[in-house]
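Asker: Respectively, the protein sequence lines represent chains A and B. Residue numbers 0 to 270, in numbering that gives the first Met the number 0, belong to the letters of the first sequence in order. Residue numbers 0 to 331, in numbering that gives the first Met the number 0, belong to the letters of the second sequence in order.
No false leads were slipped in.
Computed beta-carbon distance windows for the label pairs:
#1 Q63/A to A149/B: 19 to 27 Å
#2 V155/A to F35/B: 38 to 46 Å
#3 A56/A to A155/B: 21 to 29 Å
#4 A155/B to L61/A: 18 to 26 Å
#5 S118/B to Y23/A: 58 to 66 Å
#6 A24/A to A149/B: 51 to 59 Å
Hint data in this document are derived by calculation from the structure and do not stem from the laboratory. We put the beta carbon where it would ideally sit given N, CA and C, even for glycine.
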Amino acid sequence: MPSQGSSAPHSGILQRFNSAAAWYAPSALVILGLVVLWQVAVVALNVKEYILPTPWASLKTLQQANYQWVSNFLTTFYAVIGAFVLSAILGVALAVVIVWNQLLLRTVMPVLVLFNTLPKIALAPLFVIWLGYGIWPNIVIGTTIAFFPMVVNTAVGLASAEPEMLDLVRSLNASRWQIYRKIRFPNAVPYIFTGLKLNATMSVTGAIVGEFVASERGLGSLIITGGVTLQTPSIFASLMLISALGLILYGAVVAVENIVAPWAVREDAAK
Amino acid sequence: MYIRQLFAALIAVFAALLVTLPAQAQEKMTLQLNWFHLADHAPIYMALKKGYFAEEKIDLTVVRGAGSADSAKKIDLKQADIGISDAPTIITAISKGADLKIVAVVFDKAGNNIFFKKSAGITKPADLIGKKIAAPPADSHRVLWPAFAALNNIPADKVTMVNVKPEGKQAIVAAGEVDASFDLYTSYAIWEKVLGKGQVGNLLWADYGLPIYGHTYFVNTETITKNPKLIERFLRAVHKGWRDTQMAPAEAIDAMAAAVPGLDRDTLLNTMPQILDLCITDRSRKNGIGWIEPALMAKTLEITFANAKPDKPVKAEDVYTNAFSSRIKPLK
Numbered sequence: 000m001p002s003q004g005s006s007a008p009h010s011g012i013l014q015r016f017n018s019a020a021a022w023y024a025p026s027a028l029v030i031l032g033l034v035v036l037w038q039v040a041v042v043a044l045n046v047k048e049y050i051l052p053t054p055w056a057s058l059k060t061l062q063q064a065n066y067q068w069v070s071n072f073l074t075t076f077y078a079v080i081g082a083f084v085l086s087a088i089l090g091v092a093l094a095v096v097i098v099w100n101q102l103l104l105r106t107v108m109p110v111l112v113l114f115n116t117l118p119k120i121a122l123a124p125l126f127v128i129w130l131g132y133g134i135w136p137n138i139v140i141g142t143t144i145a146f147f148p149m150v151v152n153t154a155v156g157l158a159s160a161e162p163e164m165l166d167l168v169r170s171l172n173a174s175r176w177q178i179y180r181k182i183r184f185p186n187a188v189p190y191i192f193t194g195l196k197l198n199a200t201m202s203v204t205g206a207i208v209g210e211f212v213a214s215e216r217g218l219g220s221l222i223i224t225g226g227v228t229l230q231t232p233s234i235f236a237s238l239m240l241i242s243a244l245g246l247i248l249y250g251a252v253v254a255v256e257n258i259v260a261p262w263a264v265r266e267d268a269a270k
Numbered sequence: 000m001y002i003r004q005l006f007a008a009l010i011a012v013f014a015a016l017l018v019t020l021p022a023q024a025q026e027k028m029t030l031q032l033n034w035f036h037l038a039d040h041a042p043i044y045m046a047l048k049k050g051y052f053a054e055e056k057i058d059l060t061v062v063r064g065a066g067s068a069d070s071a072k073k074i075d076l077k078q079a080d081i082g083i084s085d086a087p088t089i090i091t092a093i094s095k096g097a098d099l100k101i102v103a104v105v106f107d108k109a110g111n112n113i114f115f116k117k118s119a120g121i122t123k124p125a126d127l128i129g130k131k132i133a134a135p136p137a138d139s140h141r142v143l144w145p146a147f148a149a150l151n152n153i154p155a156d157k158v159t160m161v162n163v164k165p166e167g168k169q170a171i172v173a174a175g176e177v178d179a180s181f182d183l184y185t186s187y188a189i190w191e192k193v194l195g196k197g198q199v200g201n202l203l204w205a206d207y208g209l210p211i212y213g214h215t216y217f218v219n220t221e222t223i224t225k226n227p228k229l230i231e232r233f234l235r236a237v238h239k240g241w242r243d244t245q246m247a248p249a250e251a252i253d254a255m256a257a258a259v260p261g262l263d264r265d266t267l268l269n270t271m272p273q274i275l276d277l278c279i280t281d282r283s284r285k286n287g288i289g290w291i292e293p294a295l296m297a298k299t300l301e302i303t304f305a306n307a308k309p310d311k312p313v314k315a316e317d318v319y320t321n322a323f324s325s326r327i328k329p330l331k
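Looking at chain A on its own, in the form it has when it is part of the complex (with noise of 0.2 Å):
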C-alpha cells in the first residue's frame, strides 16, 4: 500500500518518537531511580568520597581538564569501533566461509570455541609482549572478545534457512551463490543483527582490557591511574562515559536494524 505513509508523513514521525518516548520511559525512569539511589545512599550513609563518591562527584570531575577527557575518550573509542567493525567483518565471512563447505563446518567451529573458552583477560598479557600496547594491540584483543558471537549468530542464521525453501530453488538449478544472496542471508539478516548487539558491548569490554594491561591514554588507562592515587570520582567518571559509549554504539546497531531490516524487529525483543 503505497499511499499510506505519504499522507501525513509528520505526525507520522511524530507518532514514531512517541512510541519510541513510551517505550523507553520506564527504562530511563529506573536508571534514573538507581542513580538518585545511590546519590541519596552515600550522602545518607556518610560514605567517604575515596570509597564511593556520589554520581554528582563523579560527573563534576568531566569538568577538571587534566584529565584530558577528550584525548582519552577518542583513544579508547577509536580502539573499540576498530573492534567492533573487525570483528563484524572477520565473523560474517567466517560464517560464510564455514556454512559453505560441511567439512569447514566441522573442523573450524570446534577450534572457534576452543579459543572461545580461553580467558582473553589472561591472554591480554601476552598479546602485549607479542604486539606492543597501543589502539592497534587493543582492536586486536577487543576482537578476539568480541567476533565469536558474530561468527556463531551469523553461523546458524545463514545454516538455518528453511530446507524446503532450499530444495525448491535447488530444483529451479540456483547456483550457489545465487542461494546464499536469495535466501540464506537474507534468513540471517535478523542473526547477524544479533551478533553486532553482543558485539557492540563486546568491543566495549575487549578494549578497556587491553588498556588496563598496557596503555598511554584511555579511559581503562585513567581508570587504573585513579585506583592508585586514590581519586575514586575520576574512575566512575571514566566509567560513565565507557557505558555512554557502549550504549551509543547498541543504539546505533538498533537504529541500522530499524533502517535496514524492520522486518527482523520485534517488538518484544530488546531495542
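Got chain A; can you put chain B on it based on the hints?
Answerer: Chain B alone, transformed into the frame defined by chain A:
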C-alpha cells in the same frame, strides 16, 4: 551400654576442649600485605615459625594484597587489623579522609627504583629524558616520580609513562617495548632472572636525592584507641622475625615457602641481600627496627604533596606515631 558410650564420647570432647583452650586464648589478628608474597614478607613467617606471635598471644592470618591503595582501603574499612602499604599512598588516603596511622616502617630506606637493560646506556637520571618507562599502576613510583624528576632536572613531559600490569613489567622491558620500568630495588633477582645475569641496570632513587619512606605498617586509628597493646605485640613479634632473618635469610624464605604454595624459593632468596640493606641501616641499629625518623617522614609528606594538593591539610603528627615502637635492634 549406650549411656556408657555417650559418657565416653562426652569425656573425649571435654578433653579435646581442654587441649584447645590455650589456643583459644590467642587473639585473632589479620595482616593485610601490600602485594603477593615476596621475600620482604619472609620475616613474618620467620616470626610465626619461631613462635614469636604465639608468645605475644596473637593468632595471625596473613592475607595477600593487591597494591598499596587497596590495602589502605581495607584497613580504613576495618577488613584487616594491620596493613603494609607505601607511605605516600597512606598519606594520600589520610588526606582523603581515611582514618589511618603509620606505626612503623618496614624499610628504613625506600626501595623506589628504575630497572632497565644494561645495554640501554642509562647511567644517571638525566639519561631517562626521551625514554619510555613502564609504570605499574599498583605502586607509588608514579606518585613519587614528579618529585624525583624535579630533583634531577628531568622535564616531566620529556618522559613517556606507560601503564603496565605489574606482572608484565619485566617482559615488556625484555621485549624492548619500553626502555625501563619502575620497580622496587628488592625485585633485583627477578629482573636478573628475566634479563639475564649481569644484564640488569638500575637507579635507586634514594641514591639520587630522594629521601623518603616506602613500605610501612599502618592501622586504623580506632585500633590505636581501642586495642593499642595489640599493635605493640604485633610489632615486637614481627621485628624479632626481621632480627632473626638477618642472621638466617634462607631459614626465613623456607618458612614462607612452606606456608605459601607456588613460590620460587631461589629467586626470593637471591633478593634477600637488597631487602636487608634497605631494612637494617645505621638508623635502625640506633633506634630499633621499624623506628620512624621524624625528619624523614616530614620529607615524605612534603614530596607526596609536591605536585598534588591534598584534599585537606595533613600534618606529620597526623600521619605516624612511634608510640608502639618495638625498639628491637639488629644483632649485627
